[in-house]
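Asker: Sequence:
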Amino acid sequence: LQDFSKNFCHFYLDLLELNGYKTDLLIMDDPDLMYWSPKMEKRHGVAYIAKGLRALGIERYMAVWGSSQTTRDTLYTELLGLDDLAESWEKAGIADVVLMNCQTREEHADNRVRLHGAKFRDEGKLWTISCLIDHDSQALESVEIITAFECIQMKAEKAGKHLEVSVNGNYK
Numbered sequence: 051l052q053d054f055s056k057n058f059c060h061f062y063l064d065l066l067e068l069n070g071y072k073t074d075l076l077i078m079d080d081p082d083l084m085y086w087s088p089k090m091e092k093r094h095g096v097a098y099i100a101k102g103l104r105a106l107g108i109e110r111y112m113a114v115w116g117s118s119q120t121t122r123d124t125l126y127t128e129l130l131g132l133d134d135l136a137e138s139w140e141k142a143g144i145a146d147v148v149l150m151n152c153q154t155r156e157e158h159a160d161n162r163v164r165l166h167g168a169k170f171r172d173e174g175k176l177w178t179i180s181c182l183i184d185h186d187s188q189a190l191e192s193v194e195i196i197t198a199f200e201c202i203q204m205k206a207e208k209a210g211k212h213l214e215v216s217v218n219g220n221y222k
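Residues in the sequence shown are numbered consecutively from 51, following the numbering used here.
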């Protein structure tokens with residue numbers, strides 16, 4: 051992937067179109083590894099890649115999904131947030147949607163995982179989907195959807211705080 055760039059993506063997608071394939075969704079496995087100028091710091095390079103992939107999606111009228119890693123100290127953390135992304139927080143600001151895979155040690159042993167919607171540009175509401183997972187195939191089966199309020203309540207309880215909701219819907 052070291053030589054893989056936005057220009058190469060354009061070239062490859064052009065070849066696919068010449069052969070009759072229109073791409074509606076491009077899924078990139080860890081775009082943080084794509085090429086950027088060696089003159090850039092890693093965090094700036096990662097942001098550069100994220101901006102380039104977003105522009106690629108806009109230019110070609112297609113969705114672009116990319117995976118990314120969290121920081122090492124978040125392994126087996128109950129609920130992740132945007133500040134847990136590794137290398138560059140800027141990629142969270144560029145993305146329209148950020149989904150996070152959350153799993154404690156106990157959940158891993160019980161073949162459970164939670165997909166947490168940490169950011170939605172147009173919607174703004176958080177949610178988490180509790181799933182059963184087959185670790186061999188990575189197949190997921192949805193079990194329960196947890197609302198934004200329940201997500202915030204879980205975080206507050208974990209921090210030992212009591213959560214109150216005012217009449218206008220704000221949290222205290």
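You may find that some hints are simply not true.
[Claimed, not checked] Straight line, CA to CA, 20 Å or less: simulated SDA-like cross-link-like pairs of lysine to any residue:
(1) K72 / G107
(2) K101 / S55
(3) K101 / E91
(4) K92 / G143
If you are wondering where the hints come from, they were derived from the structure by calculation, not from laboratory data.
Asker: A separate judgement is required for each hint: does it hold in the structure or not?
Answerer: Taking the hints in turn, this is what the structure says about them:
Note on K72 and G107: the hinted pairing holds, with a Cα-Cα distance of about 13 Å set against a maximum of 20 Å. This hinted pair checks out: K101 and S55 have alpha carbons roughly 12 Å apart, not beyond 20 Å. This hinted pair checks out: K101 and E91 have alpha carbons roughly 15 Å apart, not beyond 20 Å. For the given pair, K92 sits about 17 Å from G143 by alpha-carbon distance, which is consistent with the 20 Å threshold.
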